[in-house]
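In order, the protein sequence lines correspond to chains A and B.
Residue 114 in this note's numbering sits at position 114 of the first sequence, and the numbers go up by one each step.
Residue 175 in this note's numbering sits at position 175 of the second sequence, and the numbers go up by one each step.
Hint data in this document are derived by calculation from the structure and do not stem from the laboratory.
Backbone N, C-alpha and C fix where the C-beta goes; we use that ideal spot for every residue, glycine too.
It cannot be assumed that every hint is accurate.
Simulated restraints on C-beta separations [said to hold, decoys possible]:
hint : chain 1 : residue 1 : chain 2 : residue 2 : range
1    : A       : His349    : B       : Asp189    : 53 to 61 Å
2    : B       : Glu6      : A       : Arg137    : 56 to 64 Å
3    : A       : Glu402    : B       : Lys242    : 45 to 53 Å
4    : B       : Tyr111    : A       : Asp172    : 27 to 35 Å
5    : A       : Thr116    : B       : Ala164    : 27 to 35 Å
6    : A       : Ala285    : B       : Thr190    : 47 to 55 Å
7    : B       : Met203    : A       : Lys400    : 55 to 63 Å
8    : B       : Ala113    : A       : Thr352    : 47 to 55 Å
9    : A       : Lys162    : B       : Glu6      : 53 to 61 Å
Non-contacting residues of chain A with respect to chain B, defined by C-beta distances greater than 10 Å in every case (computed) [what the hints assert, rightly or not]:
hint : residue
10   : Phe52
11   : Arg75
12   : Met113
13   : Gly114
14   : Ala148
15   : Val168
16   : Arg225
17   : Gln227
18   : Ser260
19   : Ser284
20   : His310
21   : Arg333
22   : Ile357
23   : Ile358
24   : Glu380
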Amino acid sequence: MPDMQQDSIGFAGPDSLGHFGPYGGTFVGETLIAAVEELSRVYEEVSKDPEFWAEYDHDLKYYVGRPSPLYLAERLTAAAGGAKIYLKREDLNHTGAHKVNNTIGQALLAKRMGKTRIIAETGAGQHGVASATVAARLGLECFVYMGAEDIQRQAPNVYRMKLLGATVVSVDSGSRTLKDAMNEALRDWATNVDSTYYIIGTVAGPHPYPQIVRDFQCIIGRETREQSLAQLGQLPDALVACVGGGSNAIGMFHPFLNDSSVAMYGVEAGGDGVETGRHAAPLSAGVPGVLHGNRTYLMTDSGGQIMETHSVSAGLDYPGVGPEHAWLKDLKRVNYVNATDSEAMKAFHQLTRLEGIIPALESAHAVAYAMRLAATMAPEQSVVINLSGRGDKDIQTVAKLEGLTL
Amino acid sequence: MSRISEVSAEAAQQGRKLLIPYVVAGDPDLPTTLKLMHKLVADGADMIELGVPFSDPSSDGPVIQRGVERAIAGGTNLAKVLDLVAEFRLQNSSTPIVLMGYLNPVEIMGYEAFATRASDVGVDGVLIVDMPPSEASGLCDLLKERRIDTIFLVAPTTTDTRCAQIVANCSGYLYYVSLKGVTGAALLDTESVRLSIEKLRKMTDLPIVIGFGIKDAASARTMGALSEGVIIGSALVERIEKLSPGDTSSAQQLAHVTEVIKTAREALDSL
Ligand SMILES: Cc1ncc(COP(=O)(O)O)c(C=O)c1O
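Could you build all of it, start to finish, from the sequences and the hints given here?
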């Protein structure tokens, strides 16, 4: 069942129209309104149905391989020189990232709604792979929209999607990355609205997506909570997660929002450094605006055009962020910070060499910040990093940055 | 009465269908758009929908997307589109101008600043495609205070309950989207459009105009027969695509662009 903590005051949300304070909402063209309303209706019904959650839990256990371990990274801890660092091992999930927690849930919704066709947008390709995977399993047709630039830098995932039977559609408009893939998926949805279920891969998009995706990702935080109590005998002092659209972060944070002793850090992509303007850190350096169906912090110029973003990691290369994060920023419940490309690269190598775990470049941003943070904390304290994915998909990018071709 | 209502009422009285071209402001450049606007009026446009370029036009098909990209490449933004309207008004004080676009540029300018400037330069209507009535009250009220109409879309997927909500919030005209999809698609189902318009008529006295997918005299005539008028967008933008930026187009080239409006006017007038 979704996280019941939403009922307690303070961090409740969204309201019935999808608002988290001034953020969120349903800013889409009229053609899609009926579709998002239908989804809201179905989800509202389903979220009260224990059978639905039993099926979801069953799939997560037997298909995804949950629960994922909470692992004490001793050598990483020693290298940082402070608080104990634990890794929540979402990289061990089937398909290699947290994204599958959400696609399993949304595929069940698609099935309930009788949809025969799945579409998805993808940046790093992890969500595309996770969508193609559930579509294969249910025998549904699957189209994945992906920016032409991302197709280049995430070639292994493109091939994985094709093996799984999905059609990968290259998006050549705009900046040719994740945001443009999302525009194209929205256009497809408006055109094929009767037959098609759109699986959004992060806590963005119009209501009810930010809520649905969060609820499906909250399994991360719920497990972490239980595992912390069992393994540490207490809650962790700090949680750290990378923030692209924000789904792995909200999934980790949400079940802890009312635990005021737990500090939270969402790590955005600092790219070349936030001061250079070449980054993907809307919570650090953006302003509120409206994109892809919701009001949130965005990277936008003074004329209201969405700016091009930059990050070494395709999955963080997005100019917006889930509206609940915007709200949590304003409420000062979560600290939003960033790590640069080079910090992430360094952390990528450190985790690989010290722990034998190759992280996704997205997750490496969280590792980089967590090491900085741990160094400022006492050895009896603890930090949990949400290790959102594994880095197999990134080895070509890393090799290229180091002047090698594979 | 707003300028839009005046023009519609006059057209209704004369038995004339409304013809509303859509162009992207700044495509291929702002001086050319200004010339095109005057030429469109001369060739039979009753009002003009002026597209405000936005980097992420998720309700638009490839033709208008490319138009928007050209306009943005030339540096057009909302502030410059408002300046363009001011310039148009120096020579034309009768043709209603409707700004059509996405919400973010308006959010970033600020609702109050936008509404005030829009009113000052002589904008008559505003249509924000990603702003449904449930999210519109803040902007709508500011526009209404300045006698600017807020226009909403009704789609084939719009439920009856929603139609009621939309007509309650809409002024000027009601924009019926003829198909499921994005701008420029071409799959008109005349019978289903007819039924939808019939239903809408029972809910509102607003003029109903049809857009998305009308590309020539024949489709204008078919859709015009079912409604108070038609909007032609992608077919125009497709022709504008052949113009070069830098305000270099000859009168003949502009006439070629607006020919589609001229022939649509003739088709509508023959109804
Ligand atoms: C491994 C991994 N982590 C993080 C992200 C960022 O997404 P989100 O912020 O929604 O978790 C992605 C996106 O592709 C990813 O693949």
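The hints, checked one at a time:
1. Judged by the Cβ atoms, the range 53 to 61 Å given for His349 of chain A and Asp189 of chain B holds: they are separated by roughly 59 Å.
2. Checking the proposed 56 to 64 Å range against Glu6 of chain B and Arg137 of chain A shows it holds: the Cβ atoms sit about 60 Å from each other.
3. Evaluation of the 45 to 53 Å hint for Glu402 of chain A and Lys242 of chain B yields a pass: the beta carbon distance comes to about 47 Å.
4. The hint said 27 to 35 Å for the Cβ distance between Tyr111 of chain B and Asp172 of chain A, and at roughly 34 Å that hint holds.
5. Between Thr116 of chain A and Ala164 of chain B the CB atoms are about 32 Å apart, so this pair conforms to the stated range of 27 to 35 Å.
6. A beta carbon spacing of about 51 Å between Ala285 of chain A and Thr190 of chain B agrees with the range 47 to 55 Å that was offered as a hint.
7. Our hint of 55 to 63 Å for Met203 of chain B and Lys400 of chain A holds, since their Cβ atoms are close to 59 Å apart.
8. The supplied range of 47 to 55 Å is met by Ala113 of chain B and Thr352 of chain A, whose beta-carbon atoms lie about 51 Å from each other.
9. Between Lys162 of chain A and Glu6 of chain B the beta carbon distance is about 58 Å. The supplied range of 53 to 61 Å therefore holds.
10. Distance check on Phe52 of chain A: its Cβ is at least 25 Å (rounded) from any Cβ of chain B, clearing the 10 Å threshold; non-interface status holds.
11. Remark: the non-interface label on Arg75 of chain A is consistent with the geometry, its nearest Cβ contact in chain B lying 44 Å away (cut-off 10 Å).
12. Under the 10 Å C-beta cut-off, the non-interface status given to Met113 of chain A relative to chain B holds; the minimum distance is some 15 Å.
13. A cut-off of 10 Å between C-beta atoms confirms that Gly114 of chain A is not in contact with chain B; the least separation is 16 Å.
14. Under the 10 Å C-beta cut-off, the non-interface status given to Ala148 of chain A relative to chain B holds; the minimum distance is some 14 Å.
15. For Val168 of chain A, the requirement that its beta carbon stay farther than 10 Å from each beta carbon of chain B is met, with the minimum near 19 Å.
16. Even its closest Cβ contact with chain B, about 35 Å, leaves Arg225 of chain A beyond 10 Å, as expected for a residue assigned away from the interface.
17. No beta-carbon of chain B is positioned within 10 Å of the beta-carbon of Gln227 of chain A; the least distance is around 40 Å.
18. Non-interface status of Ser260 of chain A relative to chain B is upheld: no Cβ of that chain comes within 10 Å, the nearest being about 33 Å off.
19. Every Cβ of chain B is farther than 10 Å from the Cβ of Ser284 of chain A; the closest lies at roughly 18 Å, confirming the non-interface assignment.
20. With 10 Å as the threshold on Cβ separation, the claim that His310 of chain A sits away from chain B holds: the shortest Cβ distance comes to roughly 16 Å.
21. The Cβ of Arg333 of chain A lies farther than 10 Å from every Cβ of chain B, with a closest approach of about 24 Å, so its non-interface assignment holds.
22. No Cβ of chain B approaches the Cβ of Ile357 of chain A within 10 Å, the least distance being about 36 Å, so the stated non-interface status holds.
23. Remark: the non-interface label on Ile358 of chain A is consistent with the geometry, its nearest Cβ contact in chain B lying 34 Å away (cut-off 10 Å).
24. Listed as outside the interface, Glu380 of chain A is consistent with that label: its C-beta sits roughly 47 Å from the nearest C-beta of chain B, beyond the 10 Å cut-off.
Checked against the numbered hints above, the structure breaks none of them.
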